[in-house]
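A.B. asks: Chain by chain, the residues:
Protein chains: 2
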Amino acid sequence: MYKAIITVTLKESVLDPQGVAVKGSLHSLGFTTVQDVRIGKQLEVTIDTAEREQAQQQTEEFCQKLLANPVIENYRYQLEEMN
Amino acid sequence: MYKAIITVTLKESVLDPQGVAVKGSLHSLGFTTVQDVRIGKQLEVTIDTAEREQAQQQTEEFCQKLLANPVIENYRYQLEEMN
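So the protein lines, in turn, are chains Y and S. Counting in the working numbering, the final residue of the first sequence is number 105, and the numbers go up one at a time with none missing. Counting in the working numbering, the final residue of the second sequence is number 105, and the numbers go up one at a time with none missing.
Don't take each hint at face value.
[Stated by the list, open to error] DEER-style ranges, computed between Cβ atoms:
#1 S/GLU82 / Y/GLU83: 36 to 46 Å
#2 Y/THR71 / S/GLU83: 40 to 50 Å
#3 S/GLU82 / Y/ALA72: 37 to 47 Å
#4 S/ARG74 / Y/ALA43: 19 to 29 Å
[What the hints assert, rightly or not] If you want the ones that stay clear, here's a sample from chain S, every Cβ over 10 Å from chain Y, calculated:
#5 LEU37
#6 VAL42
#7 GLY62
#8 GLN78
#9 GLU102
These aren't lab readings, by the way, just hints derived from the structure by calculation. Just so we're clear, the structure is a prediction, and the values are computed from it rather than from any experiment. Heads up, the beta-carbon is just placed ideally off N, CA and C, and yes, glycines get one too.
Isolated chain Y, as found in the complex (with noise of 0.2 Å):
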């Protein structure tokens, strides 16, 4: 069994609303020293197969299919086996 930890980011050029709204509450609670706000999600899935190629093939595929958008988003993982 192994788990992969999918974290998907906005591209650099890409605008970040939710970023510069969650900024504007930190500056109004106080926090000024706070320059940038950059969200993004992070997946954690299971996969049920005791090979990690099979594993790394498939977090690739459901990344490129399904959990990132490749025009705005970026995506990197890293697996972990389960014990």
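Fit chain S to the given chain Y structure using the hints.
C.D. replies: Chain S alone, transformed into the frame defined by chain Y:
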């Protein structure tokens, strides 16, 4: 300047409807080895300070005050010095 990379996830005991939906979509795409999906947020916050202690203290504060709901969410973070 420091960057706080904050991960906010639902507590284990809390149902994750988004995760259930993504799991269903992955199954319909043929990824039947997927056993579980948990979805969280990742925030990258840039803090304009030269002192690591101040960056850490502020990160703790804004996680508790704004970014994580202590009733249903956990948070963890790491600090990176930016050059």
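A.B. asks: Please go over all the hints and tell whether each is borne out by the structure.
C.D. replies: Taking the hints in turn, this is what the structure says about them:
A hinted range of 36 to 46 Å holds for the C-beta pair S/GLU82 and Y/GLU83, which are about 38 Å apart. A C-beta distance of roughly 42 Å is found between Y/THR71 and S/GLU83, which places it inside the suggested range of 40 to 50 Å. The hint said 37 to 47 Å for the Cβ distance between S/GLU82 and Y/ALA72, and at roughly 40 Å that hint holds. Checked against the hint of 19 to 29 Å, the pair S/ARG74 and Y/ALA43 passes, with Cβ atoms roughly 27 Å apart.
Taking the minimum C-beta to C-beta distance to chain Y, about 15 Å, the non-interface status of S/LEU37 holds against the 10 Å cut. Every CB of chain Y is more than 10 Å from the CB of S/VAL42 (nearest about 13 Å), matching its label as outside the interface. Separation of S/GLY62 from chain Y is inadequate, the least Cβ-Cβ distance of about 4 Å not exceeding the 10 Å criterion. Residue-level check passed: S/GLN78 sits 12 Å from the nearest beta carbon of chain Y, beyond 10 Å.
Chain Y leaves S/GLU102 outside its interface by the beta-carbon criterion, the shortest separation being 13 Å against a cut-off of 10 Å.
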